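*Asks:* Guided by the hints, dock chain B onto chain A, whose structure is given.
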Amino acid sequence: MSGVGSTEPPRSEGAGFAGAGAEAVLHVEDLSVRFETDDGPVHAVDRLSFSLEEGEVLGVVGESGCGKSVTFMSLLRLLPETAVVTGRAAFRGVDLIAASTAKLRRVRGREIAFVFQEPMTSLNPAFTVGNQIGEVLRRHLGMSRRAACGRAIELLDLVRIPVAARRVDEYPHQLSGGMRQRVMIAMALACDPKVLIADEPTTALDVTIQAGILDLMRDIRERLGTSIVLITHNLGVVADIADRVIVMYAGRKAEEAPVHELYARPQHPYTIGLLGAVPRPGAARRLQEIPGRVPSLAEPPTACAFAPRCPRADDVTRSTVPELREIEPRHLVACFHPGPSP
Amino acid sequence: MSYVDVAPALTPRARRRRILRRRFLRRPLAVVGLVVALAFVLGAILAPVIAPYSASATDFNSVLGHPSGKHLLGTDELGRDVLSRIIWGSRASIEAGVLSVLLAMVVAVPIGLAAGYFRGWVDTVIARLTDVLLAFPFLILAVGLAAILGPSLSNATLALGIGAVPALIRIARGEALALREEDYVRAAVANGAGEFRIIARHVLPNMLSTLIVQGTVLIPTAIIGEAVLSYLGLGVQPPTPSWGVMLSDAQSYLTQAPMLAVYPGLAIFICSLSFNLLGDGLRDILDPRTTR
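Protein chains in written order, with our numbering: chain A, 1 to 342; chain B, 1001 to 1292.
Possibly wrong hints are sitting among the right ones.
What the hints assert, rightly or not - To be clear about the criterion: a stretch of chain A counts as covered by chain B if any three or more of its residues have a C-beta under 8 Å from a C-beta of chain B, and this derived list gives those stretches:
{"id": "1", "region": "99-112"}
{"id": "2", "region": "118-126"}
{"id": "3", "region": "133-146"}
To be verified - Pair ranges (Cβ atoms, derived):
{"id": "4", "chain 1": "B", "residue 1": "Pro1110", "chain 2": "A", "residue 2": "Pro80", "range": "44 to 52 Å"}
{"id": "5", "chain 1": "A", "residue 1": "Gly177", "chain 2": "B", "residue 2": "Arg1016", "range": "13 to 21 Å"}
{"id": "6", "chain 1": "B", "residue 1": "Arg1022", "chain 2": "A", "residue 2": "Met120", "range": "20 to 28 Å"}
{"id": "7", "chain 1": "B", "residue 1": "Asp1131", "chain 2": "A", "residue 2": "Ala239", "range": "50 to 58 Å"}
{"id": "8", "chain 1": "A", "residue 1": "Asn234", "chain 2": "B", "residue 2": "Leu1134", "range": "43 to 51 Å"}
{"id": "9", "chain 1": "A", "residue 1": "Asp95", "chain 2": "B", "residue 2": "Leu1020", "range": "47 to 55 Å"}
{"id": "10", "chain 1": "B", "residue 1": "Ile1045", "chain 2": "A", "residue 2": "His173", "range": "32 to 40 Å"}
{"id": "11", "chain 1": "B", "residue 1": "Val1035", "chain 2": "A", "residue 2": "Ala102", "range": "51 to 59 Å"}
{"id": "12", "chain 1": "B", "residue 1": "Arg1016", "chain 2": "A", "residue 2": "Thr86", "range": "41 to 49 Å"}
{"id": "13", "chain 1": "A", "residue 1": "Gly177", "chain 2": "B", "residue 2": "Pro1110", "range": "34 to 42 Å"}
{"id": "14", "chain 1": "A", "residue 1": "Gly236", "chain 2": "B", "residue 2": "Leu1020", "range": "38 to 46 Å"}
{"id": "15", "chain 1": "B", "residue 1": "Leu1139", "chain 2": "A", "residue 2": "Ala98", "range": "33 to 41 Å"}
Worth flagging that the hints you see were computed from the coordinates, not collected in a lab.
The structure displayed is predicted, hence computed values, not measured ones.
We treat Cβ as the ideally placed atom computed from N, Cα and C, and that holds for glycine.
Okay, chain B solo, but in the shape it has when bound:
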């Protein structure tokens, strides 16, 4: 009950934010993840500004060219600038990664929440259905859905989003199951709160940090998923650049120009790694049990 250690000008909310920020900054890997992930997002948004060339501009004087001052990462089999294509290609990856996870959240969270909170036969049906869907590996599910929907970036995003739904339903349901038993939920019932208010004020806000972490961790999976779909021809269609498309194109020239496959591979690796590091960092700072 002493106020000695309290900086007087700060509201509790601001203080909590400051504590979280300090905890986050103490994790160098998480900071690197955040910076790199942000760089990829910015690169995708600012592609027209920062890419040195258009993604489809060909230079037939420089085909399969080595890195040079003119083309920092060289050129591909049609003389297109590889760096520019990587930058333009990040748009597909980021879009598929972020949008598909958002889509999955919007679908999965209400379903999982309702199942976990209200229990009953609805919960049983949803839980068993989720188990069945979870028996399919994420990528197989996404490939199957993309094949049904037809090849395009938006369909690939949709397929990846639907593919991520079962896992998220399970997480939201599990959280809701645990939170509905919390003492403050019982106290809210005793104070006359209705079902909707309990879900909106007591259950959902307390599962947000888990959902944020899960979302961040799912993004790299979706980015890789997009690359896989595009590589298989189920996602972005050439000549639109995408890391998966670039990998697929590079395949024919592996012996002459192996670096053509390495660059998009590295981009996928670094981008998904950065989101993974960010997700791990967020989990560490938001989970009170790992407080250091």
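Here chain A stands alone, though its shape is the one from the complex:
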């Protein structure tokens, strides 16, 4: 433990959330993911803990390779076999990490659904979209072909695809990227999942289409009460729709706070750097970049992973790993020198 004073011992955030009143659908504790590569192990995610509350939109931000996608893919065991996943992930009485693959298969797509980044290639070109949505319904809910087709039209309607009754019979190549992403969301919503994990759902799309998709996700949360995890590197997207944000850096949680709190009082220099890099209309100033590069994750850290890029780095940060502290209720930060930018 570091000698720096802290108001809370590390890894107490689970208890902290319980105190916040909402019920957690998904509670992840001490999740670590390690990839065994030819060049030795890579620690992609390091002892990450978080909760997802009922009906909440949780934004997970960080730059490429910070472990945000890996975290959620590991929960459903979607990673290659070289990944070693440890920790606990409680979801409706089941520990996803320890569950059998057969059991997980019934969770995948039915209770926890994924939407991936690439709408252009995430649909099978050989079947109509209705057929593909129907496949999920038939498999998980045992619907008849006919019932599945009717429900597929309803779902396409739900994701606001015009003339759904005709679109249902079209092949993916006949749809635009935004349309395909809507189809992917329709497919993810097919079985009315408790949790929807959207991994960069708008990154591959035009800005105008992005706004439509985000609008749709907000609508889904309101109408269906689905908890949504939104993985992105775009803080603008997060500000738009998330309730709470986790900022990840080098496989660890750097900061976590309700969205308004995070934007109003960012504490971690990395978060401050990210916010400085968001373009704002009207501002004539140069966008601030964060100097340096994302560290290699080959070895477990012995210092703050952000120290080489951090303006506040000192001897302590270069020799000790900072643990998470709760500096405000529900506002956690892993930094020895938290605080607003000077």
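*Replies:* Coordinates of chain B only, in the frame set by chain A:
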């Protein structure tokens, strides 16, 4: 998102079929290939109806006869009608060509698919074994197998089929290796699909067009293979007609009646060329990268 260009009465499937048909018809060579190949297949099926004579009917008044009104392509050394023998002989060629490729598909596709999809040591063993078999030229392999199995048309077909298996395994494996990494396969896993369903719905259907093209391109190779085996006496046995048998018979009369060798040679050439053109055409229309 506009529907202006969409003919309202067509289902997407029908529309796609229409696009493919139009693309195919824009390639004259492919159309010629299709027509000629179909003519050979029909000729083989309808041989009893369209052949002017029986394949073994001899006319000793006309031995090594020149083409005439009675015998359009002349007669051979036993006075048999050459045209009739070409038509009857196409049965062996088509049968060996088509059946051997089908047989090879049935064996090779599941093996290649499993190897490419599941990877692991099974894949390594299968891939290395395939490499070893591929080191033997197709015809050498087929001749060797036919020699072991004994001479007959069905054994020649079997030998040609087995000979084609390694190449097809490699193709199916390669496709499966590529397709298993597709985003829609990942999405299907995330949606809870099991291994079998992923193979049946996401991997196999997407490699079908490649397999169809490969199959069509393999048919001429098998047709030539059948002719070679029959020529060597490892395939169809005389007096049953086959283009290879006719070539072999004609050999002794090359100086007196060279045309006896030319006709079956031409039949082999045209038939395999037509399937090749058809295969090239199918590849062009099914591969989106060559869309013109």
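*Asks:* Quick check: which numbered hints come out false for this structure?
*Replies:* 4 and 15
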